[in-house]
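**Student:** Top line first, the protein sequences correspond to chains V and R. Heads up, the first sequence stops at 362 in the working numbering, and the numbers go up one at a time, no gaps. Heads up, the second sequence stops at 362 in the working numbering, and the numbers go up one at a time, no gaps.
One should not assume that every hint holds.
To give an idea of the interface, some chain R residues facing chain V are shown, with a C-beta separation under 10 Å as derived from the structure [unchecked claim]:
hint, residue
1, G134
2, L137
3, V198
4, Y331
Chain V stretches covered by chain R per the calculated footprint, using a threshold of three residues with CB under 8 Å from any CB of chain R [what the hints assert, rightly or not]:
hint, region
5, 12-23
6, 224-233
Residues from chain V that keep clear of chain R, each with C-beta distances beyond 10 Å, as calculated [what the hints assert, rightly or not]:
hint, residue
7, G87
8, P141
9, D345
10, E350
Honestly, the hints are just simulated from the structure, not real lab data. Note that beta-carbon positions come from the ideal geometry of N, C-alpha and C, so glycine has one too.
2 protein chains.
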Amino acid sequence: MYRLELTKPDGRQLALYGRQPIDPHLQAPSPFAEPLNASAHLRWHPLRGEWVTYAAYRQGRTFLPPPEYNPLAVTRDPANPTELPAGGWDVAVFDNRFPSLGQAPGAPAPPELIVPTAPAAGKCEVVVFTQDPGASLGALPLDHIELLLQVWGERTQRLGEREDIKYVLPFENRGAEVGVTLHHPHGQIYAYPVVPPVPARMQQVAQEQYAAKGRGPLDLLIEAERASGERVIYEGPHAIAFVPVCARYPYEVWLATIEPVPGFAGLTPAQRADLARALKTVLLKYDGLWQRPLPYLMAWYQAATDGLEHPEAHLHAQLYPPYRTRDRLKYLAGTELAAGFFAMDALPEEKARELQQVEVRL
Amino acid sequence: MYRLELTKPDGRQLALYGRQPIDPHLQAPSPFAEPLNASAHLRWHPLRGEWVTYAAYRQGRTFLPPPEYNPLAVTRDPANPTELPAGGWDVAVFDNRFPSLGQAPGAPAPPELIVPTAPAAGKCEVVVFTQDPGASLGALPLDHIELLLQVWGERTQRLGEREDIKYVLPFENRGAEVGVTLHHPHGQIYAYPVVPPVPARMQQVAQEQYAAKGRGPLDLLIEAERASGERVIYEGPHAIAFVPVCARYPYEVWLATIEPVPGFAGLTPAQRADLARALKTVLLKYDGLWQRPLPYLMAWYQAATDGLEHPEAHLHAQLYPPYRTRDRLKYLAGTELAAGFFAMDALPEEKARELQQVEVRL
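Let the hints inform the model, and build the full structure from the sequences given.
**Tutor:** Here it is, written out as structure tokens:
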């Protein structure tokens, strides 16, 4: 993996990654000239016992690009800079201009309110998967996907080393149905000042299970899913993908290493290569299902970076496509959002069979 | 409150409620002749430590009505029965034909799988707010809304008395944006066999606070919101509505009694009347905001019906409209769904001001 680190004219950081060496003379462009004035703050939700972040400047974006403008394309015309330079790189990571988390130097203190408040420490990064605006993550070559897994590992390690960052979540929102208007293949990394509610809950459950049985719940589930085989979508020497027996979304798929690994940075080259194959297989099956790009939310869960040991952690991705059928969305409504109790009208075994039948070529 | 209880030809229960006495000769129609064959089952999600319900028959609905057919209208032509009889009633409650929870007598045992499974005990009811298909909850007269609050109380009490029901959640999904295709004003009641994750978390937080301070977190928050006044939308002698300081949705509003009451059944007539005024005020302000019906999810939280004392419980509603601005939806994506960490790009104070400025006439 080759890397070049640059600073944008507005002070944001940009890192370029390549399978080949990168020209050290590249310059970092920015559509914005002025320094970022980020000052998100947190408010305590006293009923749910969790933090909520407020970044009110996000809605006031003065930057209104024309519809054909793609800020994630490489800059062709220096008079109309994008976020990225032309040149030989494969994956790029830069600071989000409109972060939900993060504080500019000298940002004002959080407001004093009737609930506890705090500066929204943390960081939001944008990860551009490829220079090709018409590609998709699943369509990239395997060694390009492997590079991305390496990049996620490096970002996690760097962010996680910061004292104020307790959890790093790489994710991809794909498709207009999940609110994404920018179709250039990209994802995001949120680095949180706390372990957020969902990973915190999963961590607590896993710790209890690990203490009782010496193995985490995902490790045990993978053993059972492999033995059953009924819902398995991909199985290689080191990685597996399956529709979990407890899927909450019809086409939900989980991807993991077979042996528990706490995070991307702990992957061996062989594990990483097989995880890339598993990921490419799932994404191509998704797009093959109805011969069109399937929208999804993909999140990668790793060990918290809170300075504690996490032997219970097990790197894995959860993918949630928002469709129930070819033309019907699954809306999260009363029971899912208000009660947190998911109701499924499809059986995971049936959906797994549909995905198993989609043929793909890596 | 007057009540008439009936049984539909397919065996489902129907209860009609009125401000006036109801003709005891009314008959319960049903679009379905055959008994319901419900057999939802639960599967344990070993990573999140929660149950998921599976009701696969829901997707296989053979009943495909024409688009103009409204099953919640009263039956005009006995050859084309709807769910409800014509006659003098105001609010109707009947068993959902496609329940996510519930077991028909003699239903098969849940499947044996690689995770624990269980019969999906519980019940799903449909609550029709009015006979008028073109009305809306907020447009109903105050005494009609009071009746609905009474009905919610009666249903909660009856369902909660059942040994297998631990939590009762009345809610309304309104609008195509939250997945509702049937525009006749109606809501649902889910009666769960467990305390679901979100109320369970709120209950745990409230119990800790109550043990430490002798008052629950909502009671304390309401005191502070009243003292501040900045985000208050309605304040009467017994009820209050406000954009909470910790709102997770731009136009989120909470409605509650000022004095803690554990549930609908514990309301005094004066509290119920004021809560109806608060609810009507908020819903009319919602629809007045952009002079069009605002979609929302509204959920009413009460004490669990698990047989324990719940002095920490405080009846309230949380309302989540899915819009960020007049023409932009707030999508729940990576950070909200995968991390459970909400990011807001609007300040609750600003949104409260917008709602405060909408004038309504009760």
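**Student:** If any of the earlier hints don't hold here, list their numbers in rising order.
**Tutor:** 1, 2, 5, 9, 10
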